[in-house]
Amino acid sequence: MKNYSSYKLEDFLNDERFRKWILCNGREESLFWENFKEQYPDKINSMTLAGALFMSLHRLQVPVDKNIKEDIWTQVENSIDDFNLESEPSRLPLTFYRWWIVAATLVLVGGLVWSLQSTFNDVPLDYERQIGQAEISLKEKVNSTKSQQTILLKDGTKVKLKPGSKLSYSDFSANKRVVYLDGEGFFEVAKDSSKPFLVYAGHIIVRVIGTSFKVVSNTGKAKSSVSVTSGKVMVYATDKLDESGNQKANHAIYLYPNQRVVFDAATNAFEKGLVAQPIQLTDTGNAKEFLYTNTSVNTILNDLENAYGVTIRRDSNLFESCRVTAPLGDLPLFRKLDIVCQTIGATYEVFGTEIVISGVTCNL
Amino acid sequence: MIQNSPHDTAIWNAFRLGDKSAYAEIYELYFDSLYSYGKKFVADQTQVEDAIQDLFIRLWRNREGLASVNNIKFYLFLSLRRDIRRINEKEKAVEKVDFESFLITQNHPAYEYSPDDTERELTLKLVTILKSLPKRQLEAITLRYYENFSIAEIASIMDVSEKTVRNTLHNSLTLLRKNSNLLYSLIKLALIYLLQ
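Residue numbers (my numbering), protein chains in the order written: chain A, 1 to 364; chain B, 1 to 196.
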């Protein structure tokens, strides 16, 4: 944790949260920094100066014309003749697009019949389209039972497929492990750093090396989500290649354990946060017992941060002298925090992927 | 702004393996800072655009031979600065800046700080002062306090010694101090830190 009590001019300027607060004119992060001012009145001058210096440097930045940025990118793309031809629609080179325009007119008639069919059969469009574009032969598994099914893939990856969900996959002989999902699946991906594992799930693509996570993506619904249990996961939006014809830069989102992202195709926006029920990380040793007797709250919060891989923002100095006795046991993380906070008269809030504790009145 | 982050390493490694979305991500993330940075140091504006374009094309073509990098932004700034230096040398268009001579000799209208001054006014004053600084001083300050590079990184980017960077920053802050009474005690803290 940061030692805010010894913060100096440079520290403020280097603090990402501080910069954010200054940049957005106090619209974000203000709860934290207003609180900070109250706790450290002697830092107000440093803060003011840091803020003014950062703002003035910001004003001296040369504004970027969006068109110039796009033009240069287009030229970069055009100059790169050796883009690999890949099977993924979002990564086709420009020359491929030109070919696509010709092909698209041919498909138009057939497409009409196809879309009628899909309406009648209630076939998921994105999923179906992605499978249709795949260059490798795929096997499809549809869970038409009423309970969850586990599918074991050739590389050792396990997928728990929810009822009504579908998964298409190959034997992974290509240089990537690509699967297609419609519905909900929990993935435990076998590690193979030479072959990234990609889940195409409607509007989003999830890319990992070896990890476990859950994907929910139902065709026809705008919102998809990815929740991570272990390892690191990269999520990005699928480009709609057949509609716009030009390639947009993908914004990748990185997720760590106990984090979750919801993608809303209607607004084209990702929203990152914590999963509803964070679980203890598996790679942090044995499950902790969380039994505390006269322990500093700081220590408890450190334990929780490590065990759940979350960031808990607070003033470490204030919490160090605060001691509590609490058998937290195997209660869920947020229940544990409820108990700690109630004991010391504090409250916590979740902002995105961070938990912020404030309002301590600890004088035990 | 984000330095040595594990994300950087992940994006960079994906890019080196030929992941075009990672490549696009790098462009998206760092274009703005590179552009704004380059614009300040090249006389002919279109040269910056060409330099950035070449930088990214070269990056893709050589991706397989590139080293693993845990700070993409530093790598990009370093490369762009080197290219710009080369352009300037070719064109002989650079003003030969005598680096070590930036003593506290510049005279700027001294600003009196009145307690009524709002943060906004302070910002405006600082903008005026910063604008009047020699290019290299402004460059060092921008790299340090806006782009968040370390002293060592700035030294590599600007191709000078760390001591020179330290001195330049020190001189600049001293100048700010002279010109703004309010800043005095606060900047002193920063100076102590820099001179350690």
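Everything labelled a hint here was simulated from the structure, so no lab data went into it.
Just so we're clear, the structure is a prediction, and the values are computed from it rather than from any experiment.
Mixed in with the good hints there might be a few duds.
List of simulated lysine to any residue pairs, SDA-like, C-alpha gap at most 25 Å [as the list claims (entries may be wrong)]:
hint, chain 1, residue 1, chain 2, residue 2
1, A, K191, B, L17
2, B, K39, A, V64
3, A, K43, B, R120
4, B, K131, A, T353
5, A, K66, B, L78
Evaluated hints:
no.: 1; hint: K191(A) - L17(B); result: 17 Å, holds
no.: 2; hint: K39(B) - V64(A); result: 10 Å, holds
no.: 3; hint: K43(A) - R120(B); result: 18 Å, holds
no.: 4; hint: K131(B) - T353(A); result: 39 Å, violated
no.: 5; hint: K66(A) - L78(B); result: 24 Å, holds
Hint compliance for this structure: hint 4 alone is broken.
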